[in-house]
Structure formats: structure tokens, C-alpha cells
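Enquirer: Heads up: the protein sequence lines correspond to chains A and B, in order. Add 1 to the 1-based position in the first sequence for the numbering used here, that's all there is to it. Add 39 to the 1-based position in the second sequence for the numbering used here, that's all there is to it.
Each hint should be verified, as a subset may be incorrect.
[To be verified] EDC-like cross-link-like pairs, simulated, lysine to aspartate or glutamate; straight-line CA separation at most 20 Å:
| hint | chain 1 | residue 1 | chain 2 | residue 2 |
| --- | --- | --- | --- | --- |
| 1 | A | K92 | A | D229 |
| 2 | B | K243 | B | D212 |
| 3 | A | K137 | B | D212 |
| 4 | B | K82 | B | D66 |
| 5 | A | K50 | B | D62 |
| 6 | B | K82 | A | E63 |
| 7 | A | K236 | A | D155 |
| 8 | A | K32 | B | D62 |
| 9 | B | K82 | A | D40 |
| 10 | B | K194 | A | D155 |
| 11 | A | K93 | A | D132 |
| 12 | B | K82 | A | E45 |
| 13 | A | K56 | B | D212 |
| 14 | B | K137 | B | D365 |
| 15 | B | K252 | B | E280 |
| 16 | A | K28 | A | E39 |
| 17 | A | K32 | B | E280 |
| 18 | B | K137 | B | D108 |
| 19 | B | K194 | B | D172 |
| 20 | B | K82 | A | E36 |
| 21 | A | K92 | A | E63 |
| 22 | A | K297 | A | E252 |
| 23 | B | K252 | B | D231 |
| 24 | A | K54 | B | D172 |
| 25 | A | K137 | A | E230 |
| 26 | B | K243 | B | E280 |
| 27 | A | K121 | A | D89 |
| 28 | B | K194 | A | E45 |
| 29 | A | K50 | A | D132 |
| 30 | A | K92 | A | E230 |
| 31 | B | K243 | B | D263 |
[To be verified] Short derived list, chain A residues pointing at chain B, Cβ under 8 Å:
| hint | residue |
| --- | --- |
| 32 | T157 |
| 33 | A310 |
| 34 | L314 |
| 35 | F316 |
| 36 | P319 |
Think of the hints as simulated: they come from the structure by calculation, not from any bench. Note that beta-carbon positions come from the ideal geometry of N, C-alpha and C, so glycine has one too.
Each chain, letter by letter, is given below.
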Amino acid sequence: MNGKGFVALFLATCLSACTLLATEGLKPWEKECPENYEDLLGIEGQIQKHLSKTKSAVVSLETEDGAGSGVIVSAEGLVLTAAHVIGDRGKKITAILSTGKRVSAVSLGGSVFSDAGMLKIESKAVLPFVDLAKVKNSSLGNWCYALGHPNGFDTTRGQVLRLGRIIGKQDETMQTDCRLLGGDSGGPLFNLNGEVIAIHSRISQQADENFHIPIETFVSNWDFFMTDEFYNAQKLEEGGFLGVASSLAPEGLTILGIVEGSAAEKFGLLEGDILKSLDGEPLDSREKLAILVSNKSPQDPIVLELSRAGRLLTFRVPLGSRLNEE
Amino acid sequence: MNRSLTFLLVLAQAFSAEAKTDDSLLDPRLRLNGIQVQQAFGKTQGIAQESTVKLLRNERVIAHGTVIDSRGFVLSKASACIGARYLLTNSGIRLPVKARKRDEACDLVLLEVIGDGYEWPTLHWSDNNNSTDARWAISASPELDEIRLGLFGGKTRPIGREGGVMGVVLSDDNQSERGIRVLEVIPQSAADRAGLKINDRILKIDHRSVRSKQQVNHAMQKKDPGDLVLLHINRVDEAIELRVTLGHRSVTFDLFNRNLLMSGPTSKRKDNFPLVLQHDIPLYRNNMGGPVFNLEGQCVGINIARVDRVTNFALPHAVLYPILRDWLKP
């Protein structure tokens, strides 16, 4: 064996030893796949550990249009849910706590783009709540559990628990194989530490391929939703228009396409540019870009920071109008 | 029209994602019901597959069954396996069966395998009466070649009769000497077909006066879908009699109906059980009657109804035990 080969073999041994160590330190639910009885017992034990606390923060929501779910995330009664459950801002909604107590609530803001929505329970009592997971902490393959009220509130049945894994994650959508049904919309998806990682949004024709709004989307646009802004189609249409299609990247939004005749084209934005901030607001979700732009009027100037081939550039450009593009 | 079309296009532009790349999707073998996750269940896989049989009528699988003892007695869901003549084991052996006992209250049937020479596994029941909440639930897959996984979740509880429904929304005000006012009639519902109209006031049901919405609901819960009820109503100070053939709750009300459409075929009988466990194992309607196991490979109960795509009911050992003791006593 020559020297090079020996070094390679030595390195390979080190690497495999490291891998072994890494696997041994992992909790059963952190492994790529559970391997045996102990791992499976560990997974169910971890859910049981957090179940009653997380259940206590889940609410059933009754609106004029139907039933949904939600989760309380502050002692003052801030509730995360889906935009299609609340419908609009300032709407009266009945929330049913896990104890069965009915309390009144009013919708705050939300957005039809991501389907994220918020409401506030109007109660002086201190309410049970759960913590949000840290952003960018959940990834493909993570075990998770869904809670909610499929078919609406049912006191003899209670909330329904479902297990799954994150099977898809791209931009601001998350897919799991937790089985969901109408009435679950707006309900929480938890990681195995009992923290909220997403909110149930759309159910798919496939029972085990449902869609959730990741918590990152809420965090990115928190202040907009808290200040009673509801972003719907009309608001989008009447506001300013930049004219880019983008995808979420670790350092900003990568431009995938430019709309012909739009402000983006006029001012020379290019495919591959990475948008970093708009008027100083960091762009950490595509929805934030859409919200910031639609808050402006056509012709309003904006300051865009972007990175092109490693160089930071600043653009000062007036926005266009969506209606001009027809 | 033009506006809404624009909105759709714009959304497509703003949010068009790239074609999904491989690293944005989980390897199917690692999904909850993926083959690699199944392998972690070790011996329990084989136990679930060997204790479950397919029941056949005219060469079609109409239900699963649970092999409950080494003599070859099989327990199943009575209303699902009417006319079952043969069973198929997970190893493909085909044997004739005959129904021996039936329990209407629990929708159970005991089948006996005709002929011997087959070595049946022994079923070990879970005698642990502790909560099954948030524990693994394991059943054989539809073809008995794999297992299917889920969790027990939702309270263990009795399931009452679903009752028949008219398909009306009634007024809450209980000051009604003049009957209960109809606020809404669901289109195509039993009430609609019978000719009930908004603002009709219901005075009597089957010749009994009703004074509140609750009394009407109570009367309906005692009836089944398909039952005929006679209504005395007051319509603009005119007395009218209507005959209503009651409908199914899940078919009448939109939300339930939509959820049912999303769920695929569900069991015909899914109500009126003394006690059920609830789990979310992905199974079809014709997989009811088979066993459900815990992580230790012990039988916790038998699947008795597919309710919707997130819900199955299983009868627990506590319900099955007295029935089986009676049926199998020497």
C-alpha cells in the first residue's frame, strides 16, 4: 500500500467512526429511520410527554362559513390559524378551548398567498399556550404530529392526534404524511419537542400528502398580520407591482423570472439576482416581498438591495402597476 | 371574469415554484408507512400478517378477519362479510369458512374454518387496560404483505346511534306556542323532498307536540335514516301534514358530505357501538374485521368501522372478551 492509499483508508476509517458516534448520540426521533422496538417506543413516549400540554392550547373555531382549528401561542390569547378559516380581518369568531369553554375572538390579519392567519381571543383569563419552534429548524424527514378538530368540535371524541413525517419542503410550503380532513384547517403541526412548526392549510386528494404553512411564514410577516392587515386578491391587484418570480434561498430571494414590460424588466433586474432587502426590510419570504410591494401604490419608489454575481447592488426604482401588464 | 382570471395568472407567476427537485421530497421508504419504517417493527410485522385473513365472496375481498385461536376460529365485522364462503391467508392458502355466531350489538361474526391441517398462530391479547392514547397502532396491509401504521388518538368512547336527519336549521327561541320555526331547509335533504319550507312552524312530530329545538333533535335521534316521520306544521296560519323520510347526517350536511367525498368508501355501519378505540391507520372499507396490534405485538382490538380518511374504530379487548368467552366455551 502506498502512502496516499494509506491516508485515504485512514480518513475513511475516521469518517465512519464519526458517523457511528453521530448516530449513537441521536434521539430515536432524530435518526433517519427508527431501527427497532426501542426507537419506536422512544417516538411514542416523546409524543405522550408533550401531548397534554400541546392539546390544551388547541382550539376549535366556528365562523359563519364553517369550522376550523387554531392554536394559542400567547397567554393573552393570540391564535395562529389559516387565512381561509378567518376569511378577513375584524370578523367575529367563536373559539372553543380544549376544556370545551366557548369564548369570543376576533380575526386579526392574514394573507391568502400563504394562507397564514391570526386571531385574538377576547378573554381576561390567562390562557394555556405553546411555543413556536425556532425558524429554519425543521427539515425533511422530521417526525411530527398533527392536532385538530376534523369535522368540527366533538366533545365526546376530543381532539384527534395524527403522526407523520415532513415529506416535502420548498419555499413557504411544507408537506407531511399526517392524515388530515376538513375542520383540521388552521390546526397545529408539532415537532417531537412539542413546539409548533406549521399550521394545517390545504388537504390533498391523497390522504397522506397534506399541506401546511411553515412557522417561518408567520414569523417573517408577524407585524403585518398583527396589525390587522389581510392580504387578499384585491389588495394585491391594487397595490404596486414589481414583476419577478422568485424562490426562497438561504440568503434572500433568487429571481427565477421577470415579467415582460414590468418595473423589474425596465430597471434591469436579471434572472439569478438575489434580492436581499426592500426599503431596508430583509426579504426572508416570498410573501414578504408580495406584501411590501402591495402595500405601495404604483409609481411609489422603492430601494432594493440585491446581490449579483457576488456584488451587492442598490436599486432605487419606481414600482409599476399590475393592471398595466394586461 | 377578467379580474379573477388575472388574479390566477398573477398568483401562478408570483408563486410558480420550480419543478420539485429530489432533495425537496422525502424518500418514500422513509415515510410513516414506508417500507424501511415498517422494518423497525420486527416480529410484530409477521404477527399482524399471519393473524389476519382476507374473506371472500364471489372471489372478491369483502372484509378482513382475525384468527383468534389455534383451532381456526375467525372473528370479523358481521355486516361487512355477509356471504363470505372462503378465506385467504397471507401465504395464499384458501380455505372454506362457515358463520357460526353473530352479535348484532357489536356487529361481530364468528366464522369457523372447515377442514384442518393448517397451523394457525396463537393470538396474544393485550390485557393492559391502560390508555392506548398516543400509542402505535399496527394492522396488516390490505394485501397482508406489509403492515400499516398509525396512532391511537381521540378518546376511547361509546358511539351512539347516528340518528336520522330532516336537513333543517331550526330557530332557538323556545317561546313557541305556535311551533318551532324553520330557518333553513338544506337543498335535496329529506325535509326539502317532503316539501318543508322556510318559516314553516313544526307543531307535532308523530302526533306529539314539540316545544323546543332540543325536543325535535331528541325525537330525531331515536329514529334511523330511512324512517318515516309525520309532521304537523303551521304555514301562514294553515295546518299542513307532511311525511318525511329521514336521511343520513353525513349525506345531508355539506361539510360532512365534502369530507366524505374526500374520504373514499367508508363502512356502512359506523355507529352504535358500546366502546371503541380510535386510530388513523390507512385502511380501506374492506379491511375491517382484522386485528390491530400494539408495539409489543399484542392484539388490542379488532377494526370495526372505517369512518373517514382520518378515523377508524376498533372494538377493544374489554368488549370482545365476554362475547368470545360465551361463544368459545367448551
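Enquirer: What hint numbers does the structure not satisfy?
Expert: 3, 4, 5, 6, 7, 11, 13, 17, 22, 25, 33, 34, 35, 36
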